[in-house]
Amino acid sequence: MKPTYSIKKDFSLDTMDIVIAVLLGVCQAVVEIFGLLGFLERTVWATGPVGFAIYAFYNGTTWILIFLGAYLRKRAMVPVLAVAVTALVRWFSGDPDGPILLFYALFPVSFGALIFPLLRWRGGSLLFVLSVAVTSVANQVALFVGQGGFQLADGTFWALVSMGIASVGGTLWGFTTWYLGRGLEVAGVNSLDQPPSLNVETSKSSEIKIKEKKEDQVIEFNDYSFWFDRKNKKQSDAQLNSVSLTIKKKSIVLLVGESGAGKSTLALNILGIYPDYYGGAYEGMIWIENDLDQLQSRDSIPKDKRFRNVNIVFQNPEDQTVCLTVEEEVSFALENYGLEKSEIIIRVKDALLWVGLLGKEEVSVNELSTGEKQRLVLASMVALRPKVLILDEPTSNLDPQGKDEIIKLVNRLRDELDMTIVLIEHEVDKVFPIVDEIFHIEHNKVLGPFTPESFLSEIGLRARDELGLWIPQASEISLDLKKRGMDIGDSIDVTYESLFQKLQAQLSQKLSRHIDQLETNQLSEVLKLSNVNTGDLFNSINLSFKSGEMVAIAGANGSGKSILGSIIAGIYHNYSGEVFIHDENIRNLNLEEITNTISYIFQIPEKQFVRNTVFNEIQHGIRDKNIDESAINKKVKEVLELVNLWSRRDASPYILSHGQKRRLSVASMIISKPKVLILDEPTFGQDFRQAKNLMLLLKDLAASGTLIIFMTNDMKIVSEYANRVIVLKEKVIFDGNPKVFFNEEKLLEEAHLESPCIARLNNYFNLSDYSNYDVVLESIIKEING
Amino acid sequence: MDNFKITYQQGDSFIHRLSPYTKLMIILSISFVAIFNTSLSVAVSLFLFAFCSAIFLTNIPYKLYWNFGKIILPFVFIISSVFPFFYGGQVTAGSDLIAISTPFKDLTWSALGFGALLGLRFLTLAMAGLTFAFTTHPSDLVQNFTERGWNYRYVHAPVLGLILFPRFIKLALEILLTQKVRNLGFELKGFRKKIHRFRHLVFAMLVLGLRNGQVQAMALDVRGYASNKKRTFVRKSPGNRFTETISLIILLLSIIYLISQFNPQFMQWNI
Chain C
-16 MKPTYSIKKD FSLDTMDIVI AVLLGVCQAV VEIFGLLGFL ERTVWATGPV GFAIYAFYNG
44 TTWILIFLGA YLRKRAMVPV LAVAVTALVR WFSGDPDGPI LLFYALFPVS FGALIFPLLR
104 WRGGSLLFVL SVAVTSVANQ VALFVGQGGF QLADGTFWAL VSMGIASVGG TLWGFTTWYL
164 GRGLEVAGVN SLDQPPSLNV ETSKSSEIKI KEKKEDQVIE FNDYSFWFDR KNKKQSDAQL
224 NSVSLTIKKK SIVLLVGESG AGKSTLALNI LGIYPDYYGG AYEGMIWIEN DLDQLQSRDS
284 IPKDKRFRNV NIVFQNPEDQ TVCLTVEEEV SFALENYGLE KSEIIIRVKD ALLWVGLLGK
344 EEVSVNELST GEKQRLVLAS MVALRPKVLI LDEPTSNLDP QGKDEIIKLV NRLRDELDMT
404 IVLIEHEVDK VFPIVDEIFH IEHNKVLGPF TPESFLSEIG LRARDELGLW IPQASEISLD
464 LKKRGMDIGD SIDVTYESLF QKLQAQLSQK LSRHIDQLET NQLSEVLKLS NVNTGDLFNS
524 INLSFKSGEM VAIAGANGSG KSILGSIIAG IYHNYSGEVF IHDENIRNLN LEEITNTISY
584 IFQIPEKQFV RNTVFNEIQH GIRDKNIDES AINKKVKEVL ELVNLWSRRD ASPYILSHGQ
644 KRRLSVASMI ISKPKVLILD EPTFGQDFRQ AKNLMLLLKD LAASGTLIIF MTNDMKIVSE
704 YANRVIVLKE KVIFDGNPKV FFNEEKLLEE AHLESPCIAR LNNYFNLSDY SNYDVVLESI
764 IKEING
Chain R
354 MDNFKITYQQ GDSFIHRLSP YTKLMIILSI SFVAIFNTSL SVAVSLFLFA FCSAIFLTNI
414 PYKLYWNFGK IILPFVFIIS SVFPFFYGGQ VTAGSDLIAI STPFKDLTWS ALGFGALLGL
474 RFLTLAMAGL TFAFTTHPSD LVQNFTERGW NYRYVHAPVL GLILFPRFIK LALEILLTQK
534 VRNLGFELKG FRKKIHRFRH LVFAMLVLGL RNGQVQAMAL DVRGYASNKK RTFVRKSPGN
594 RFTETISLII LLLSIIYLIS QFNPQFMQWN I
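As you go down the protein sequences, you meet chains C and R in turn.
Here the first sequence is numbered in the working numbering, starting from -16 and rising by one per residue.
Here the second sequence is numbered in the working numbering, starting from 354 and rising by one per residue.
Wrong hints could be hidden among the right ones.
Computed list of lysine-lysine pairs in DSSO-like fashion (alpha-carbon distance at most 30 Å, straight line) [stated by the list, open to error]:
| id | chain 1 | residue 1 | chain 2 | residue 2 |
| --- | --- | --- | --- | --- |
| 1 | C | -8 | R | 582 |
| 2 | C | 343 | R | 542 |
| 3 | C | 590 | R | 546 |
| 4 | R | 523 | R | 533 |
| 5 | C | 288 | C | 232 |
| 6 | R | 582 | C | -9 |
| 7 | C | 765 | C | 675 |
| 8 | R | 546 | C | 288 |
| 9 | C | 391 | C | 288 |
Worth flagging that the hints you see were computed from the coordinates, not collected in a lab.
This one's a predicted model, so the numbers in the text were calculated from it and none came from an experiment.
Whole structure, please, built from the sequences with the hints as guidance.
As structure tokens, then:
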């Protein structure tokens, strides 16, 4: 069937279109403000006809980002909105050019945007070329009308000449727009293949379907399958494959599975985000409890009611805050749904009280800490009071105390507000004790439900060893002991307390003994910090680091771990005191000299990539130009094989999975064999297997003499891999053996940290000088066996 | 940039109490007249009007206006001092007597008046624009226009832009840092290195920003973003219909004034 064109669809925008237009408009505003475009342009104009001719050629560059929106979203209105956003962002950030731009830029962009409906999106790449060219010419006309340019250009003749130049320049920049769009697609940015205005698909029938509830279900899947690609509906390629499950009311349900298994996809299908908002195809049914306590088919629930009863909090709170102040943020959803003003005020106050943000109503959202932002997005859900709340890794950005607060909040949501909670979470130590049921997603199928105990007994150590999942450390210990033939009862412990009770019967508490400084492959002092002081975060830091050490820097959120790492790496300068690398003060070195010795790996790997393929990214790490190409290629291959990325060497770094990106970011730094490697939260967002492989790689590097410093909130990683821990709270409150630190209750509390299960057992029973898992386990077995 | 604040200053002045619509109509009026006006006396009057309104009717310290406004002073200087050399009778802003003799060209009072006119134009627009930004909360703007029938999502988009703006700045700074740390472009020198780094900066900002866009869009949709035609607003937006009507009349009068000054014979104003 031949697609028919709908102009109404071309000039209406869905939420994704708006967000893309806003992002591009903001990006353009950043470029214009920091590139001083207004200043440059007026200087160019001031030179008269020649200036106008020069400007005519390059004015199209200011439209590249704007029309990129039209390329990505295939709607004529997107560039118009992007321009309005650019102008208003500049205006409200105090740029006096903002108001001029609002009037001056909307005129040309409207001309360019009209090209799409006029040609009905026929023309492929040439369409974007033409639209930018037309906009450039219209820009020139606006300039003449606004600036008296006919006169300044020394008459009509030169004005027409400059318009001709604008059309040539605009053609070139239009190609650039198209080319940039293609490049972004390769880097994983979604773009539409077809304009929605040419979409002939009619929406599925929304006949209301209701069914009887047999149990106290709130969500039910019946043989449900989902595909991202509508054109490929082979069962073997389904992202969710014949899922049947029931979620009960007022329960806390945990979804587990390795990275990429489909946990978030399942959650978004419950909501209907997939397929109704962001595409995809499905078969089968999802039933959701409606306001009348009946089960209603998901696709028959009207969109304006869809998210009243089921809602979600995503992992990163930064991606979800959409208002300027705390109060606006919490009331946003309630205002959208048209609740009464008085009701909104009461709910907002109540929600802020719940999460401990009462009194911060007028505070700007951008001023909140990460933990506060996480609580803020939860507050907006508390205010909305859905029946079912999905939480996607709610504790990932938080320190142990922060994690505790969130878990307590989750319990309260279930107990006091009767919410059903669906959790996606790696931090299973705290979550398993409160969870009622677990669903395990493996190879796109959903297994379960399990209770925590049945999950551990049926899947057990396979979850850790084969599937790479985190399981509570108490359960790990329990299962490992059983596997080695130890008799510690039938049940599998989920908490430290229950495991401790069992072991207490079999182990005796020994007298504490002197803990020797752990031996490391220490060669020489590599780094020294002398009286380092930032004023607000910490002061009087005096530290010395030796080669071969594996040092963890720990502390609460906001204690300055990342800042300290940045100071050591020479990329943060707002401090007093000295940092010496091999006795050389880093203030006397330039950044290139520092980075020859010290490599810094960011928490978010994507921010570190500088090349277009995995291979080139690694190759960039070898800076020595004297190495010939074949030797470089050989080295790159070795490193890629070491981190299991050789098969992905031609891929864009941005489209790798999270674990792959992390390995790439590490590999690209270690190829140059730095003396010091600093990593910010290296195991962030990683499953067990990915985290273990990474830390073992770092351990090997330390064994070969590299000083490894990593900043982390994860005490399991500290106890397992670090031979030294430095704890920050306004100063260094501890520096030494992790085992000793985990015995210091007061310090742990002061720093908002917690001792991992293995370390608590080790300290209580005084089993070993080391808090590594395998060593302590062996000690337990030895003690039990006598 | 985490401490980035919008320019809005809390207050209860006369201009604070006007609705955003009223203020926008007045800004439009001032802008049209400022951009198309060719009379020096009108330009001076307009600038004085904008200046006095800003200083006396907003209760905002003049220092704040200075902090933001001083960045355009180089533009104003360039325009006022360079454009007189390109004067060719575009406007009648003084006599034809020579005021200054220079090695390039003798400048008449009319030429100097032309430069002054252009400078005053930008000063007026800047003053009016800053007054608007200082006295208008973006959420009030959204509310005012939504209540007038505009699509809430489109009107809210710039507010979303203001929220994302500091995050983009932070992202840009992080990418710039990465470029230094990883010595991007080490094989290049000078201007070529700068271009190479600029291209990477824009590309990385786009990739990282746009890939997060999907989650942001989902986060808006799940909170009922414009799912209902009628939306509640908790915040009390200032203004009333009377002042809005007056502002519309002012806009119409300014357009009528401009039309009356138009000289179709020369496609220019007031020649």
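Checked hints:
Of the pairs offered as hints, the one joining residue -8 (chain C) and residue 582 (chain R) holds, with about 18 Å between alpha carbons and a cut-off of 30 Å not exceeded. Simply put, residue 343 (chain C) and residue 542 (chain R) have alpha-carbon atoms about 50 Å apart, too far for the 30 Å limit, and the pair is violated. With a C-alpha separation of about 19 Å, the suggested pairing of residue 590 (chain C) with residue 546 (chain R) holds against the 30 Å cut-off. Between residue 523 (chain R) and residue 533 (chain R) the CA atoms are separated by roughly 15 Å; this keeps the pair inside 30 Å, and the hint holds.
Straight-line distance between C-alpha atoms of residue 288 (chain C) and residue 232 (chain C) comes to about 19 Å, which keeps the hinted pair within the 30 Å bound. About 18 Å separates the Cα atoms of residue 582 (chain R) and residue -9 (chain C), which keeps this hinted pair within 30 Å; it holds. With a C-alpha separation of about 25 Å, the suggested pair residue 765 (chain C) and residue 675 (chain C) falls inside the 30 Å cut-off, and the hint holds. Of the pairs offered as hints, the one joining residue 546 (chain R) and residue 288 (chain C) is violated, with about 53 Å between alpha carbons and a cut-off of 30 Å exceeded.
Simply put, residue 391 (chain C) and residue 288 (chain C) have alpha-carbon atoms about 29 Å apart, close enough for the 30 Å limit, and the pair holds.
Hint violations for this structure: numbers 2, 8, all remaining hints satisfied.
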